[in-house]
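Asker: Based on these hints, arrange chain B on the given structure of chain A.
Chains as they are written, first to last, in this note's numbering: chain A, 91 to 204; chain B, 2 to 120.
Do not take every clue at face value.
[Unchecked claim] Straight line, CA to CA, 20 Å or less: simulated DMTMM-like cross-link-like pairs of lysine to aspartate or glutamate: (1) 108(A) <-> 152(A); (2) 93(A) <-> 128(A); (3) 147(A) <-> 97(B); (4) 160(A) <-> 146(A); (5) 107(B) <-> 128(A); (6) 4(B) <-> 149(A); (7) 107(B) <-> 169(A); (8) 4(B) <-> 27(B); (9) 74(B) <-> 27(B); (10) 190(A) <-> 112(A); (11) 71(B) <-> 56(B); (12) 108(A) <-> 169(A); (13) 190(A) <-> 16(B); (14) 190(A) <-> 62(B); (15) 190(A) <-> 30(B); (16) 161(A) <-> 128(A); (17) 4(B) <-> 162(A); (18) 107(B) <-> 149(A); (19) 107(B) <-> 146(A); (20) 107(B) <-> 152(A); (21) 107(B) <-> 16(B); (22) 4(B) <-> 128(A); (23) 190(A) <-> 97(B); (24) 107(B) <-> 141(A); (25) 93(A) <-> 45(B); (26) 107(B) <-> 162(A).
No wet-lab data here; the hints were simulated from the structure.
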Amino acid sequence: DVKVTQSSRYLVKRTGEKVFLECVQDMDHENMFWYRQDPGLGLRLIYFSYDVKMKEKGDIPEGYSVSREKKERFSLILESASTNQTSMYLCASSPGLAVKNIQYFGAGTRLSVL
Amino acid sequence: AQKITQTQPGMFVQEKEAVTLDCTYDTSDPSYGLFWYKQPSSGEMIFLIYQGSYDQQNATEGRYSLNFQKARKSANLVISASQLGDSAMYFCAMREAPLSNFGNEKLTFGTGTRLTIIP
Numbered sequence: 091d092v093k094v095t096q097s098s099r100y101l102v103k104r105t106g107e108k109v110f111l112e113c114v115q116d117m118d119h120e121n122m123f124w125y126r127q128d129p130g131l132g133l134r135l136i137y138f139s140y141d142v143k144m145k146e147k148g149d150i151p152e153g154y155s156v157s158r159e160k161k162e163r164f165s166l167i168l169e170s171a172s173t174n175q176t177s178m179y180l181c182a183s184s185p186g187l188a189v190k191n192i193q194y195f196g197a198g199t200r201l202s203v204l
Numbered sequence: 002a003q004k005i006t007q008t009q010p011g012m013f014v015q016e017k018e019a020v021t022l023d024c025t026y027d028t029s030d031p032s033y034g035l036f037w038y039k040q041p042s043s044g045e046m047i048f049l050i051y052q053g054s055y056d057q058q059n060a061t062e063g064r065y066s067l068n069f070q071k072a073r074k075s076a077n078l079v080i081s082a083s084q085l086g087d088s089a090m091y092f093c094a095m096r097e098a099p100l101s102n103f104g105n106e107k108l109t110f111g112t113g114t115r116l117t118i119i120p
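Just chain A, same shape as in the assembly (with noise of 0.2 Å):
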């Protein structure tokens, strides 16, 4: 089975403060993706790498930035936390080269930025 984990179920952050949310996948996939998912909004796109050390920016980049160091390691950043990036984050790996190229999803990171 395809394990997506995220190092944090909660995080609990102040203003200001620089976060890491840490993503892994054990799949040796090629792809890894953030996004974050806000009531009545569905899911968001913030970053995607198809590839170590590639990025392509998502739908919301803004405040956001990313680090593909590994293959299996996919980490989201933000440079200075604000109370409008309290939101539910969650990290989605796929194979790359495949017809249905599933996203698996790991279990989400629910941040509070106060």
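Answerer: Relative to the frame of chain A, chain B by itself:
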């Protein structure tokens, strides 16, 4: 314009009844894929079923089937014989075929339908 529209914010269904969750989509690409995910209260998104735009038959996976009506641009999820464990949020998503190779992994999600199964 919304690319994925789920018009039912919430649904209540009696246990053992069949359920249809609506999803309409908007795309001009001839090649695309449609996905349904389930999100229980634990938070993890669980893949349920996939339909490709060129697939001739409607997709089925156990109790899940996808009622794909291409001309109407709809991809409704049907759950047969609902169970209490089916209570969750359900999301419809679409992947379009872009011009470049590196964008074709992006999924666009709808806002979801919260399904509650009543004993």
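Asker: Please go over all the hints and tell whether each is borne out by the structure.
Answerer: We went through each hint and held it up to the structure:
no. : hint              : in the structure
1   : 108(A) <-> 152(A) : 15 Å, holds
2   : 93(A) <-> 128(A)  : 24 Å, violated
3   : 147(A) <-> 97(B)  : 17 Å, holds
4   : 160(A) <-> 146(A) : 16 Å, holds
5   : 107(B) <-> 128(A) : 18 Å, holds
6   : 4(B) <-> 149(A)   : 13 Å, holds
7   : 107(B) <-> 169(A) : 24 Å, violated
8   : 4(B) <-> 27(B)    : 5 Å, holds
9   : 74(B) <-> 27(B)   : 7 Å, holds
10  : 190(A) <-> 112(A) : 26 Å, violated
11  : 71(B) <-> 56(B)   : 10 Å, holds
12  : 108(A) <-> 169(A) : 5 Å, holds
13  : 190(A) <-> 16(B)  : 31 Å, violated
14  : 190(A) <-> 62(B)  : 14 Å, holds
15  : 190(A) <-> 30(B)  : 16 Å, holds
16  : 161(A) <-> 128(A) : 28 Å, violated
17  : 4(B) <-> 162(A)   : 31 Å, violated
18  : 107(B) <-> 149(A) : 10 Å, holds
19  : 107(B) <-> 146(A) : 10 Å, holds
20  : 107(B) <-> 152(A) : 18 Å, holds
21  : 107(B) <-> 16(B)  : 35 Å, violated
22  : 4(B) <-> 128(A)   : 17 Å, holds
23  : 190(A) <-> 97(B)  : 12 Å, holds
24  : 107(B) <-> 141(A) : 15 Å, holds
25  : 93(A) <-> 45(B)   : 11 Å, holds
26  : 107(B) <-> 162(A) : 19 Å, holds
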